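**Student:** Chains A and B, in that order, are what the protein sequence lines are.
Residues in the first sequence are numbered consecutively from 1, following the numbering used here.
Residues in the second sequence are numbered consecutively from 1001, following the numbering used here.
In short, the hints are calculated from the structure, not lab data.
Check before you lean on any hint, since a few could be wrong.
Stated by the list, open to error - Quick look at which bits of chain A chain B covers, simulated, 3 or more residues with Cβ under 8 Å: (1) 45-54; (2) 74-84.
To be verified - Capping the alpha-carbon separation at 30 Å, the derived lysine-lysine pairs in DSBU-like fashion look like this: (3) A/Lys110 - A/Lys143; (4) A/Lys44 - B/Lys1072; (5) A/Lys72 - A/Lys113; (6) A/Lys143 - B/Lys1142; (7) A/Lys72 - B/Lys1044; (8) A/Lys55 - A/Lys101; (9) B/Lys1143 - A/Lys44; (10) A/Lys44 - B/Lys1142; (11) A/Lys72 - A/Lys110; (12) A/Lys142 - B/Lys1044.
Keep in mind that this is a model prediction, so the values were computed, not measured.
Here a beta-carbon is modelled for each residue, glycine too, at the ideal position from N, C-alpha and C.
There are 2 protein chains.
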Amino acid sequence: MTDQYCDDSNIAGVSFSIHPMSDNFINIITEALNEVDTSKVWMKTDDVTTTVRGKLPHVFDVTKAIFIHAAKTGEHVAFQATYSLGCPGDSSGNAYMAEDKEPLNSAQIKDIKQPVAAKFSLYPLGGGNYMDTIYEQIEAMKKHVTVSPAHYSTRLDGESVAIFNGLEHVFQATVNASSSHTVMTVSISANSPSQK
Amino acid sequence: MTDQYCDDSNIAGVSFSIHPMSDNFINIITEALNEVDTSKVWMKTDDVTTTVRGKLPHVFDVTKAIFIHAAKTGEHVAFQATYSLGCPGDSSGNAYMAEDKEPLNSAQIKDIKQPVAAKFSLYPLGGGNYMDTIYEQIEAMKKHVTVSPAHYSTRLDGESVAIFNGLEHVFQATVNASSSHTVMTVSISANSPSQK
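For reference, chain A alone in the conformation it holds in the complex (with noise of 0.2 Å):
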């Protein structure tokens, strides 16, 4: 379909913000950035966002990382992000491409307990027969994480690493499915005093 996004690259990526709900959010944000090795993909913030440009494997790792090291200081924490692939609108980033696949960050936060609650949705916009393996990916979940619908997502709860690994897996099958440009938005929330 025409897409005002997009073009042929294979770069993925994501705009995504952290929120800490605290007085002390940008120390928070400053500390969480200086705990991530963010060296394999081309990073940029502004006042809006951040923006992650990569190899899916690195992009989904920082990202992770730095989710992960904010929310463990026990503040309320939200996390939002759109990832998307085969939709770059330029050619930023496109250096990185050439690492390699192994995560920096992954060894030193496998180990961090660190219950959340999430939704993502996801969006593959090139069309396809991709139904089928999103179904799948979200049955494969249910052996890591709660799943359960929720008003225009699917609800995951369970711990952030499971989160984020069944996030990275889904949206992995779906690009690989549908071929084209794909979309998942997923909004994540730690430590949040109206939880369950």
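Assemble the complex: chain A is given as a structure, and chain B must be docked to it using the hints.
**Tutor:** Just chain B now, kept in the frame of chain A:
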């Protein structure tokens, strides 16, 4: 196209969240909600997002008012939303489609000055010849706000009221032109310490 979230209803909806970066976040959200008349929409909040459903003008009226009442506190407040039409997934709130189109909150907020930075992306999932319509609407927005390109999105800088009104117009126009499921993601930041 095939779509896992859709049926044929014409109800609009949004899944959104408000994030005040302040220790006082609960009061800011609670007081903003108290100032907004939500009687013409179906609304439900959980620990991740708030869902609002009803006629399109009321969905925008209510979210615009909640954001502006939270932002006028002067705290750094972020707003994240996914607006959707043509894709309810269920029938919650269908009773509210009998309401008239008169927005309940616009008079109260129309004179509140609150400059913000925003990014939005439109995803018309049903195909169709909508690009000219989107470009016309974005061109029309330039009379009221500053429009610039951003990664995976279009950036808007200006007054909150003008930005929300512009977003409502471009979303409505896309729905009219695209005829099927339309999704729009919006990130807005008010009173950011890192704003330009």
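**Student:** Against this structure, judge whether each hint is valid.
**Tutor:** Hints versus structure:
1. 45-54: That given contact holds, which follows from 7 residues of the stretch 45-54 of chain A lying within Cβ reach (below 8 Å) of chain B.
2. 74-84: Holds: 5 residues of the stretch 74-84 of chain A have a Cβ under 8 Å from chain B.
3. A/Lys110 - A/Lys143: Measuring from Cα to Cα gives roughly 17 Å; hence the hint holds.
4. A/Lys44 - B/Lys1072: holds, 28 Å
5. A/Lys72 - A/Lys113: holds, 8 Å
6. A/Lys143 - B/Lys1142: violated, 49 Å
7. A/Lys72 - B/Lys1044: holds, 28 Å
8. A/Lys55 - A/Lys101: holds, 7 Å
9. B/Lys1143 - A/Lys44: holds, 29 Å
10. A/Lys44 - B/Lys1142: holds, 25 Å
11. A/Lys72 - A/Lys110: holds, 13 Å
12. A/Lys142 - B/Lys1044: At roughly 25 Å apart (the allowed maximum being 30 Å), B/Lys1044 and A/Lys142 satisfy the hint.
Hint violations for this structure: number 6 only, all remaining hints satisfied.
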